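Student: Residue numbers (the numbering used here), protein chains in the order written: chain H, 425 to 845; chain B, 425 to 845.
Since the hints were made in silico from the structure, they are not lab data.
Any copy will do: because identical chains look the same in the list, a pair fits if it lies in one copy or spans two.
When the alpha-carbon atoms are kept at most 30 Å apart in a straight line, the in silico DSS-like pairs for lysine-lysine are as follows: (1) K445 to K845; (2) K516 to K723; (3) K723 to K486; (4) K553 to K697; (5) K486 to K697; (6) K486 to K740; (7) K788 to K486; (8) K486 to K826; (9) K553 to K701; (10) K555 to K701; (11) K788 to K845; (12) K697 to K516; (13) K697 to K788; (14) K697 to K723; (15) K788 to K701; (16) K486 to K729; (17) K553 to K805; (18) K829 to K845; (19) K697 to K805; (20) K805 to K701.
Bear in mind the structure is a predicted one, so any value in this text is a computation, not a measurement.
There are 2 protein chains.
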Amino acid sequence: MSKSYLSMTKEELLNEYNSVKAEYENLKAQGLSIDMSRGKPGADQLDISDGMLDVLSDGNFKCENGLDVRNYGILDGIPECKKLFADLLEVKPENVIIGGNSSLSLMYDYVAQCMFNGAGFAPWSQQGKVKFLCPCPGYDRHFAICYFLGIEMVNIPMTATGPDMDAIEEAVKDSSVKGMFVVPKYSNPQGITYSKETVERIANLDVADDFRIIWDNAYIVHDLGDESDELVNIFDILPDKNKNMVVEVASTSKISYPGAGVACIATSVDNVKEILKRLTVQAISYDKVNMLRHVRFFKNVDGIKAHMKLHANILKPKFDAVIDTLNSDLAGLGIAEWNEPNGGYFISLDVTGGSASRVGVLCKDAGVTLTSVGATFPYGKDPSDSNIRIAPTFPTPEVLSKAVKVLTTAVKLACLENLCK
Amino acid sequence: MSKSYLSMTKEELLNEYNSVKAEYENLKAQGLSIDMSRGKPGADQLDISDGMLDVLSDGNFKCENGLDVRNYGILDGIPECKKLFADLLEVKPENVIIGGNSSLSLMYDYVAQCMFNGAGFAPWSQQGKVKFLCPCPGYDRHFAICYFLGIEMVNIPMTATGPDMDAIEEAVKDSSVKGMFVVPKYSNPQGITYSKETVERIANLDVADDFRIIWDNAYIVHDLGDESDELVNIFDILPDKNKNMVVEVASTSKISYPGAGVACIATSVDNVKEILKRLTVQAISYDKVNMLRHVRFFKNVDGIKAHMKLHANILKPKFDAVIDTLNSDLAGLGIAEWNEPNGGYFISLDVTGGSASRVGVLCKDAGVTLTSVGATFPYGKDPSDSNIRIAPTFPTPEVLSKAVKVLTTAVKLACLENLCK
Numbered sequence: 425m426s427k428s429y430l431s432m433t434k435e436e437l438l439n440e441y442n443s444v445k446a447e448y449e450n451l452k453a454q455g456l457s458i459d460m461s462r463g464k465p466g467a468d469q470l471d472i473s474d475g476m477l478d479v480l481s482d483g484n485f486k487c488e489n490g491l492d493v494r495n496y497g498i499l500d501g502i503p504e505c506k507k508l509f510a511d512l513l514e515v516k517p518e519n520v521i522i523g524g525n526s527s528l529s530l531m532y533d534y535v536a537q538c539m540f541n542g543a544g545f546a547p548w549s550q551q552g553k554v555k556f557l558c559p560c561p562g563y564d565r566h567f568a569i570c571y572f573l574g575i576e577m578v579n580i581p582m583t584a585t586g587p588d589m590d591a592i593e594e595a596v597k598d599s600s601v602k603g604m605f606v607v608p609k610y611s612n613p614q615g616i617t618y619s620k621e622t623v624e625r626i627a628n629l630d631v632a633d634d635f636r637i638i639w640d641n642a643y644i645v646h647d648l649g650d651e652s653d654e655l656v657n658i659f660d661i662l663p664d665k666n667k668n669m670v671v672e673v674a675s676t677s678k679i680s681y682p683g684a685g686v687a688c689i690a691t692s693v694d695n696v697k698e699i700l701k702r703l704t705v706q707a708i709s710y711d712k713v714n715m716l717r718h719v720r721f722f723k724n725v726d727g728i729k730a731h732m733k734l735h736a737n738i739l740k741p742k743f744d745a746v747i748d749t750l751n752s753d754l755a756g757l758g759i760a761e762w763n764e765p766n767g768g769y770f771i772s773l774d775v776t777g778g779s780a781s782r783v784g785v786l787c788k789d790a791g792v793t794l795t796s797v798g799a800t801f802p803y804g805k806d807p808s809d810s811n812i813r814i815a816p817t818f819p820t821p822e823v824l825s826k827a828v829k830v831l832t833t834a835v836k837l838a839c840l841e842n843l844c845k
Numbered sequence: 425m426s427k428s429y430l431s432m433t434k435e436e437l438l439n440e441y442n443s444v445k446a447e448y449e450n451l452k453a454q455g456l457s458i459d460m461s462r463g464k465p466g467a468d469q470l471d472i473s474d475g476m477l478d479v480l481s482d483g484n485f486k487c488e489n490g491l492d493v494r495n496y497g498i499l500d501g502i503p504e505c506k507k508l509f510a511d512l513l514e515v516k517p518e519n520v521i522i523g524g525n526s527s528l529s530l531m532y533d534y535v536a537q538c539m540f541n542g543a544g545f546a547p548w549s550q551q552g553k554v555k556f557l558c559p560c561p562g563y564d565r566h567f568a569i570c571y572f573l574g575i576e577m578v579n580i581p582m583t584a585t586g587p588d589m590d591a592i593e594e595a596v597k598d599s600s601v602k603g604m605f606v607v608p609k610y611s612n613p614q615g616i617t618y619s620k621e622t623v624e625r626i627a628n629l630d631v632a633d634d635f636r637i638i639w640d641n642a643y644i645v646h647d648l649g650d651e652s653d654e655l656v657n658i659f660d661i662l663p664d665k666n667k668n669m670v671v672e673v674a675s676t677s678k679i680s681y682p683g684a685g686v687a688c689i690a691t692s693v694d695n696v697k698e699i700l701k702r703l704t705v706q707a708i709s710y711d712k713v714n715m716l717r718h719v720r721f722f723k724n725v726d727g728i729k730a731h732m733k734l735h736a737n738i739l740k741p742k743f744d745a746v747i748d749t750l751n752s753d754l755a756g757l758g759i760a761e762w763n764e765p766n767g768g769y770f771i772s773l774d775v776t777g778g779s780a781s782r783v784g785v786l787c788k789d790a791g792v793t794l795t796s797v798g799a800t801f802p803y804g805k806d807p808s809d810s811n812i813r814i815a816p817t818f819p820t821p822e823v824l825s826k827a828v829k830v831l832t833t834a835v836k837l838a839c840l841e842n843l844c845k
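With these hints in hand, go ahead and build the complete structure from the sequences.
Tutor: Below is the structure:
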């Protein structure tokens, strides 16, 4: 372990600065061009689902109930696909609607519906100011939905066991707080899985009947190794008074294809009815051919889990490459902290001294594009300018090692610039 | 040609009633169960697109710009699919956004956006009452969008050349009228194509900058025979003041698969930008694998047109079966009128004396389900209870002949019930 920067003398810091600065210039001179900005699977991950593309070549287009999936009909999804997702999410098929290729669209459409048509009561937009709680760092596209729909965002700090529940229980006393976006398993970007206590406290929140939690279970089966985090099924423990509070979404974007997967929404039967009232106006059906393709390819939850092992085999070395470089370059310096997640798509790095923006600029100048610093917070503003989201899935491990070397060097340099002022 | 009921004596009418009643009871005794309620292609029509399902089996997933269609990205559609639809709609690719499998969703989302975010100005919903003009008979799902979003519908009668333009020019003087849904080619249900004069008068309407016409070109290449109706490209003749007025949609729902086609929206570059502002929040991309499948299968507009000939070969005998039965059973009776369209998916039948609802009941009792009578009008209310939409595409010609025999018998019976009162 290296000596902490915080215990160095001025002279030691200047020497270190000169050394790191030289290393940074060397790295910059390589003329890299590496994109680590988004949680995109690599091409090798996409290949493992290609068997899906000709799984319908036997010409059998009938789904379980006899309907030809190529034609109109079945607004809520073909029965076998509802069952597959119900099994995956541990709910009943009656709680599930199958969507198109995007859980993001299901979330946007649902929150927009609550805003303009209401969640069983008056439209949120007619009840005065509307606020959402946003555990952060979090997923930028959740924040974008709030921003676009005019929903004010309230930062809730994350802890090692999920969002700060004391802060949430206090915040929901404000009746203008109508909901919350969460990623309860392998959270984006920290890879944190909400603890049993956290889920229990969420389930029992003292909120109005039209308060809604968007339970974005994007990484439900996205383990990296043999150690899998356990998430309590919140539907199993919801008290009757909160029976309509949780709206879960998931998708195969990172199981089959990001551009051509299948998404689903799972919630109470009452909420399903409310959603179908809108959906029956908005669509005739989602793409049932693609639903059938997924069911025929994966067959059942075990099929999905076996498939996820193939993803993990590809992803684990990438995550290891990042963690190893972070450990070897930054451990003990006292200037950064990071997580070592058991699943998900990201590694979250926190740097000290408000230098995350500077790190982003240094990386970019050296050809490495990170997720925009600040993007993991509402309004794009990280109050302590500390969080950096690393998306290690798309580059190869070799490219990744180069990129993370740039990153760790930039972290040291930004920090030393401050310390040597 | 038969003798008109209107010139029959009371005795002749009673004889005819007894004869028709007996025929109806005979038909009823057959125990038919035929659904002619929706414009669904038959299974033979679906089969002709099945080549599309393994068109990507060569493993080449790169679209023109080098991006892997299986992954995230490209919100507005892959370039070659934008070009295909731009060519089909005779606009530029920059005017096109490719959607998912549903033009209905593109329309719903766009009108909802105008309501709650505005069409370049204040949200419609914040400008007081919002009304839409509805040429009718028309498409029930257009009316459903208006109804769900709280838009008041104003009936505009259809003529042989399109909607009554005098009525429209008068109605738009009311500034709460913010838009109009139209099916300008082979209109649903009458199969009318708007004349050059109608399109010119629509293009030059004196309306506010945020007035929008949803130009639902659902049947753009859906000819039934060699005679094709010509529709003026409204974008070519829009005066500058109305450059953002028209928002066109189309889809391959009745070209490839209703459940798994590709839809598009075409409009001014300004409108495209406004739509993308919402779409960037609502989605990461639509299904690009399916876009590529369509482009690789159809190749170009000529490919689509050749494919449509295959559909026409299947559909023409079905339309002929209906028209022939209508002609042989109802011509000259003075109790019904119908169209003989050159394309589209429907035949529209108008019966006299406010008896359409009764015809619907008689058909249903004899096992033939029609589109709900009234559905072709706003609020489901046909003011003269006269219009019946016949959807002849799904049943086989043999089944269709049986069904239409039930229909014509029901029309005669309902009319005679009135005349014999």
